[in-house]
Amino acid sequence: MILMDGYLYYPGCTLKTKASDYEQSAIAVMEALGKPLVEMDDWYCCGAVQSLTTDDLIHQIAPIRTMCCAQEQGENTLVTLCDMCYNVLKQANQRVKDQPENLDTINDFLDEDPDYLGEVEVYHLFEILRDMKKEISKKVVKPLSDLKIAPYYGCMLLRPTGIAIDDTEDPKIMEELLELIGVDVIDNPKRTECCGSYHSVNRSDIVEKRVEDLVARAVEDGAEAIALSCPLCQFNLDYYQRTTDYDIPIFYLTELIALAFGLEVGMKKHWVDPKKMLKDKKILE
Amino acid sequence: MKVNPDHTFLEKVEELSGQSVNACIRCGTCSAGCPFVKDMDVLPERIFKKIVLGDKEEILKKNTMWICAACFTCSVRCPRDIDIAKIMEAVRQIVLRDNIDMIDIAKIENIENLPQLAVVGCLRKETG
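So the sequences go chain by chain: P and H. Mind the numbering: the first sequence is residues 80 to 364 in my numbering, read in order. Mind the numbering: the second sequence is residues 34 to 161 in my numbering, read in order.
The shape of chain H in the complex, shown without the other chains (with noise of 0.2 Å):
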C-alpha cells in the first residue's frame, strides 16, 4: 500500500474521462470481454483500484493504456454503466499531455501499405 497516494491523480483522470471511477465494483466484466486482455500487464478493473488508490507512478509503468484500442466493448457491457474507454482515454492523455510520445513517427514501418485512417488513428491515440 502506498503511503502517500496521488488524490489529485483520481481527480484528474475523473475530470477528464466524466466518469466515476469510484463507481467500479471490480465485477470483472470488462476484461472478460477484451479482446486485448491477454497483451496488458494488468487488467482493467484492475488498474481502476489503482487510480481509486492515487498509484499513479505503478499506473503509468504499465502498458493497458495503451493496449486498449477503444473498442467500446467494456463500455458497452458494464453493468454500472462506467464509460470505461473514456478513463483509458483520461490515463492515455495525462501522459501525453506531458509532452511524452509513445510513438516515433520516423520509425513506423511498412508504411506505404498501411491505411491512412490506421496511422492518423494511431498518432492520435500515442501522441500529444
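One chain only, chain P, in its complex shape (with noise of 0.2 Å):
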C-alpha cells in the first residue's frame, strides 16, 4: 500500500456530475475519519451495467482498464461510492480471477503493460465505514436522534450473491451505521426491492409504480426519510415521487454522517429538498 493514510478511490461518471452530493460528502466523511479517499490518477466508465454472457468479454475491457490502473499506481484496494460501479468493478474482477483464461484473453488485447495479475480487490465506501465504527463513533457531536429514517439498499449492493458487502436478504450494515450516528431507524422489509433501475429512460411508468410501493411502505412504518447510497436508487426514489403523494427526502447515507460531525455537505441537487425538513426540525439553522 503507498496510501497508507488514505484509500484509493474509484468515482464513475455520475459522481462527477448528477450525484455530486454523495462525492463531496463523501469525500467530507472520510477525511474526517483521517482516511481521505485520493482519486484515481485514471479511470474508464465501468458500463453500468453488468454484461452477463458467456463470450462477451469486450464489455469487461473498461471495468479490467481500471484494474491495471489501480495496479499502476500500487494499489490492491480500490474504493467505490456509485453501487453500479461497485457491482460491475466487482463482478468484472470476480470473473478474470474465476476465469484466468479470460484474463489471458483480456491482456491479450489490452496495450496496457505490465498485465494486470488479477491482485487488485474491490471495496464499497459502506465496508470501510463498517470496519471504521469505532472511528465514527467519536466523531459524532450532533447525534441525529430526531430523525426517523428507514435505510434502502437496493439490489448492487446485496446481489448476486458472490459480490454481497452484507447477506443478501437481512443486511444489516446501513442500519448499525445508522444507529451509529444516533438516527432513529426504521425497521424497512422492501430494502432490498428494485427500484426500477434503468427503466426511468424509457419505461417510467414502470419505476412510478416501484417508487409508489417503496416509499409507502416506508412512509406507513414512520420514516421521515429514505438513506441509501446508489445514485440511480436516489434519482428514481427522489425525482419520482412527483408522482405520489409522498414528498420525504432521499438522502444519501454519507450526508446523514457528515451531519452529525458538524458537517454540512451535499445536499444541494435532491429533487425533494432535504434542508426544509433539517431546518424544521433544529438539525440545520
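It is possible that some hints are incorrect.
Calculated lysine-lysine pairs in the DSS-like style (CA-CA distance at most 25 Å, straight line) [claimed, not checked]: (1) P:Lys269 with H:Lys71; (2) P:Lys288 with H:Lys45; (3) P:Lys269 with H:Lys119; (4) P:Lys176 with H:Lys119; (5) P:Lys288 with H:Lys94; (6) P:Lys288 with H:Lys71; (7) P:Lys288 with H:Lys82; (8) P:Lys97 with H:Lys140.
Footprint (simulated), chain P over chain H, 3 or more residues, beta carbon under 8 Å [said to hold, decoys possible]: (9) 104 to 117; (10) 121 to 130.
No wet-lab data here; the hints were simulated from the structure. For each residue, glycine too, the CB sits at the ideal point set by N, CA and C.
Reassemble the complex: the two chains are provided individually, in unrelated frames, and hints are given to aid placement.
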C-alpha cells in the first residue's frame, strides 16, 4: 500500500455530476475520519450494468482497464461509492480471477503494460465504514436522534451473491451505521427490492409504480426520510415521488454521517429539498 | 404445441447464459419475488418452458426479457441455483445481435434530468 493514510478511489461518471452531493459528502466524511479518498490518476466508465453472457469479453475491457490503473498506482485496494460501479467492477474483476483464460484474452487485447495480474480487490465505501465504527462514534458531535429514517439497499450492493457486501436477504450494514450516528432507524422490509433501475429512461411508468410501493411502505412504517447510496436509486426515489402523494427526502447515507459530524455537505441537487425538514427539526439553522 | 420446435434456440440460450434451462422445476420462486411481474406478458418460469420447447417466435413477441432489469432477486433465490438474470440476458442478446435496437436514442425524454448511469445502463441492455 502506497496510500498508508487513505484509500484509492474510483468515482465513475455520475458521481462527478448528478450525484456530486454523494461524492462531496463521502470525501468530507473520510477526510474527517483521517482516511481520505484519493481519486485514481486515471479511470474509465465501468459501463453501468454488468454484461452477463459467457462470450462477451469486450464489455469487461473497461472495468479491467480500471484495475490496470489501480495496479499501475501500486494499489491492491480500490474503493467505489456508486453501487452500480461497485457491482460492475467487482463482477468483472471476479470473472477474470475465476476464469484465468478470460484474463489472458483480455490482457492480450489490452495495450496496458504490464498485464493485469488479477490482484486488485474492489470495495464499496460502506465496507470501509463498517470497519471504522469506533472512529465514527468518536466523531459524532450532533447525534441525529430526531430523524426517523428507513435504510434502502436496492440491488447492486447485495446481488448476485458472490459480490454481496452483506447478507443478501437480511442486510444490517446501513442500520448499524445509522444507529451509530443516533438516527431512529425504521425497519424497512422492502429495503432490498429493485427501484426500477434504468427503466426511468424509457419506461418511467414502471419506476413510478416501484417508487410508490417503496416510499408508501417506508412512510406507513413511520419513516420521515430514506437513506441509500446508489445514485440511480436516489434519482428514481427522489424524482418520481412527484407522481405520488409523498415528498420525503432521499439522503445519501454520507450526507447524514457528515451532518452528525457537524458538517453541512451535499444536499444541493435533491428534487425533494432535504434542508427544509432539517431546518424544521432545528438540525440546520 | 409447435410442430417444428427450434432446438437450436435452447442451445443458444444455454451457451450464452452458461445456465441449464432444463434444470428449472417451474416452482415459481422467481416470479414470486420479481418486483416487475405485473408488467410482464409472461411469467419468467413460463418463458423457460417455452425455451425448452423451442418456441422462439412466441418468446420473442413477449416483453418479459425487456421488463427484467437484471436485479438478480430471482438469481439469488432460485432453489435450483439457476442464474436466471443470465438467461434473460441471453434472450435479450439473441434479439439485439440481429441488429434490432429496443430504444431510439433520439427519442429519450427527460434526458437532461436523467443521471448518466441510467442512460448508459439502458443503452447497454437495449441496444446491440
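Status of the hints after comparison with the structure:
Note on Lys269 of chain P and Lys71 of chain H: the hinted pairing holds, with a Cα-Cα distance of about 17 Å set against a maximum of 25 Å. Between Lys288 of chain P and Lys45 of chain H the alpha-carbon distance is near 34 Å, which puts this suggested pair outside the 25 Å criterion. Of the pairs offered as hints, the one joining Lys269 of chain P and Lys119 of chain H holds, with about 24 Å between alpha carbons and a cut-off of 25 Å not exceeded. About 19 Å separates the Cα atoms of Lys176 of chain P and Lys119 of chain H, which keeps this hinted pair within 25 Å; it holds.
Taken as a hint, the Lys288 of chain P and Lys94 of chain H pair is honoured in the structure, with Cα atoms around 24 Å apart against an allowance of 25 Å. With a CA separation close to 10 Å, the supplied pair Lys288 of chain P and Lys71 of chain H stays within the 25 Å bound. A distance of roughly 28 Å separates the Cα atoms of Lys288 of chain P and Lys82 of chain H; the hinted pair therefore is violated under the 25 Å criterion. With a CA separation close to 21 Å, the supplied pair Lys97 of chain P and Lys140 of chain H stays within the 25 Å bound.
Judged by the Cβ-Cβ criterion of 8 Å, the stretch 104 to 117 of chain H is covered by chain P as claimed, because 6 of its residues qualify and three suffice. Counting residues of the stretch 121 to 130 of chain H whose beta-carbon sits less than 8 Å from any beta-carbon of chain P gives 3, enough to reach three: the coverage restraint holds.
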